[in-house]
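Residue numbers (the numbering used here), protein chains in the order written: chain A, 36 to 860; chain B, 54 to 288.
Only true hints are included.
Pairwise CB distance ranges (calculated):
(1) Glu-667/A with Thr-165/B: 56 to 64 Å
(2) Asn-185/B with Ala-290/A: 51 to 59 Å
(3) Leu-143/B with Glu-292/A: 53 to 61 Å
Treat the hints as calculated values from the structure; they're not laboratory data.
Beta carbons: idealized from backbone N, C-alpha and C, even for Gly.
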Amino acid sequence: MEVNVGAIILSPGIEPFDPKVREEYRYGEFENVVTSMDYERLMCATGPYQGEILRASDKKHPHKIAWISCVGSRQVTPGGNSYCSAVCCTYSQKQVILTKDHDAEAECTIFHNDIRSYGKDFERFRERTENLPGVRFIRSYVSIEREIPETKNVVIRYSTPDEGVKEEEFDMVVLSVGLNPPAEVKKMAGKFGIELNDHGFRKEISANPLETNRAGIYVSGAFQGPTDIPESVFTASGAGSKVGELLDYRRGDLAVERVYPLERDVSQEKPKIGVFVCHCGANISSVVDIPSTVDYCLSLPNVVYATNQLFSCATNSAKEITDIVKEKGLNRVVIAACSPRTLEPLFRDTLKEAGINQYYLEMANIREHNSWVHTKEKEEATRKAHDIIRMSVARASHLEPLQEFDLPVNKAALVVGGGIAGMTCALSIANQGHEVHLVEKDTELGGIARRVHTTLEGMDVQEYLGDLIHKVYQHQLIRVYTDATFTEATGYVGNFVTKVESKGMVTEIKHGATVIATGAEVSRPTEYLYGEDDRVMTHLELEEQITKEEEKVVNAESLVMIQCVGCRNEDRNYCSRICCSESIKNALELKEKNPEMDIYILFRDIRTYGLKEDYYREAASKEIKFIRYEPEDKPQVEAVQEGGKSVLRVTVTDPILGNKLEIDTDIIALAAAVVSPAENKEISSLFKVSLGPDDFFKEAHVKLRPVEFGADGVYLCGIAHYPKLISETVNQAYGAAGRVLTLLSHDTVIASGSVCEVEEKKCMGCGACIEVCTYGAIEFRGKKAVVNPVICKGDGLCNVKCPTGAISLKHFTDEEVFSQIDAAV
Amino acid sequence: MCTGRIDLSFIIRAFENGMDGVFIGGCHLNECNYITHGNYHAINLVLLTKKIMEHIGLNPERLRIETISAGEGILFAEVMSDFGKKVKELGPLGKAEGLDENELKAKLQEVTKLIPYIKVEKKDKLGARLENKADYAGHFTSEEIAELLGNVASYWIDPSKCQACTSCARRCPADAIISEKQKIHVIDQEKCIKCGTCLEVCPSKFSAVTKISGEPVPPPIPEGERTVVRKSKEA
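Could you put the whole structure together from the sequences, leaning on the hints where they help?
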């Protein structure tokens, strides 16, 4: 087959490292040594033991389990990968948490090197794992010694600071394997003429991580290097945006509009309900007695048909549902399966295909709320499934047909923040033919990147930034507002109205989408003599001085860097992600300029995740000394006189010998935390989006919707989301642009039919509903409240405040809820 | 829908149906999926309902609200098991508290009838944003609820003043005013939701509606005697 295309995206994905290539892991030799991928299958309901974690050797539950980190990663020995696989620390912690979920008594041990909890909220996740009872984190290299022939248990040898080398027996050993580029990637790269780097990932040619050496061919996901889910998601949508820049003029040419059958008016009919009970493979049917449940459904009022399906979400099942609805004349459908959160849209679509209103669907969640949590109580779970379905059937009888709205979409975008994230996003949107209003609070564009001079990989950041700013100002579709503040922000998806004040002038901007790219700041340290002694500076200040070739810095005899200053503590319980790379970059640069300089990096965990690990190794090979400290025993800094000269004395405990080391140094650089700006609070309330616990903006879903907000039409990118490196910011900025385009490229958006409505006669005009509506969706028309359904988001708070029951939330009316409460008995 | 959509009537209905416990699960405070932060309102509602339960002799521990995120499966299971155990310990609704079944039903129905009135009277406190858990205990007091439920206001149309202008009847959201042209209006106390709209809209030149608290409402004027005595004609 030959296909003509204008652009190509390569997403070959990744493969787990195969530990068989290294004999010492004993994988395939000892039955109870498994990979993390095997273990993932063991925990899965569709896995080999239906979700029971069992040992292959005796089908018994393992009680003592060990995880070995960095299997195949951070190794320069043959067969291994020198890079860090970036995801294993956190997935191992996840597996420990899930194991404890399965068996609260399980004893879990993670053998690790640096713990790289550098992702958003990962630090809290690590802490949660560490605090579980029966969980140990042991910092040690390990070797798998032998198998006990009788028990098939596995003996591991490791070292501890207190007791020296130890041997310990485990029921099961999980190898936290790293990520490899797929075996066929070389062939694929050859075909497309794509250059690969030494590790077999796409070779980074330009500052744009989505690009390859060939124009028009882009990459997304782990082809850039090992990545976690959110990065994969936004690089995918970013690559989409790059393609859009090329092909926007042909957008929609190949799209075929779906045509649904005419909706049958069933409002005058008696309810005729069909119930479809899903097995979900074995997920539900291994716990709930499906045949008896189907019989039970048939005994319920208004149910005229009931059946079971292996997977209700499968294409053939959807066809079966539409056929039966037509054949039996059903006018309501209950799907007894999983949470509506994922599949409700699919089943609503099935109803549309069947020619009845999509709001006549009700889902009874007998999986997450039932079979998954009651695996051991099958009879009770079956009864509970009956209860849940009975309530859903009762509600279904009262459902009403609702109409969704088509809202017009204003084709312009507003981008808040003129740093790398905001500018990159604005350019990509504008390159696809949309007007962009770029608003910056400062006098100049550039954001915090103005203070960064190079990247670890050696990119000239100022040159890049200058070029970006130039492109932004040159673009005919981008209008820049500097020294700007917001005076008002109203409206809703597709139809926002925002007032910007810039240089004494207020402009009213109408836009369909909003991007929040407000960036972040570096905190001002409050310890280690910062602000008291000018030889103590932050890592960014050090970078500035290195660039200026400041004599006292580049000619210093010795320099100490202290990591994790002002974060990974109680107040700021997160990792600032970029500081390890920043410090190593500065250290390498100083070594380049002055090879004689003694450089020490005092750290807690070195987090040069992914391909940045190579630079850590380079630093160590250049005799940059890495000394680990514990948070409860932080380094001490004092200014002293030594040999007639004033020096800074750093005292730190040697982690191996346990004694105190004193380092006399000329300069101290502090890896100060990246913090969210104070104005985030104002921005969040203005644009009606939320902030996370550390006041960074909170995305709609941490894994699957990393550049969107809960509020429709508002998007997020850059370090406003969480600290990240420039390449990651660029990826995410394109990702946000991609999402913006999916909105702006349509003429209309659909708004939910589940909104509030006022029954005028009952309204006493008290205004209680208007007071609580934060969207401004309700207003008085005369003395009666009226809802603007396109602004209403359907939370239903007004419904509860109304004393007379005049306002009600459609699809969740009192009658519908009461019917469920009554059926619960 | 948000936890803020939970109506007092839902909770009372569950107890009326004989449920031994009611659990409300919501999002963590300040992590609202909407931007309304309705969970603060839900907490206030629970605080109020617990006091009402106390007032009518039900153990308030039968009602519980917790904020748990979707990622906290273990916590949710723990909380649910704990609440299940608690409710079992408390025993069957009403019986364990020494309440007669019919008496309890009557009391719950009485509360249901008063819901619109409770919403009006306690509007501000139900909409408050309590950031500090220490403030929960004193947000509603037992005395306050005793006063609220023991001293319920009623509205009454003074037959000597009513000029049958129909303003109140037209605006009554509950259709509780028996009105005919030329006939003195009468409030059907069974239907009345005590919202006070009639008092507000009765023209001040007539001022026929009165709010009566703490004493019984005079009986309705017999149907045969409802012809309006026109003030103007008298003059």
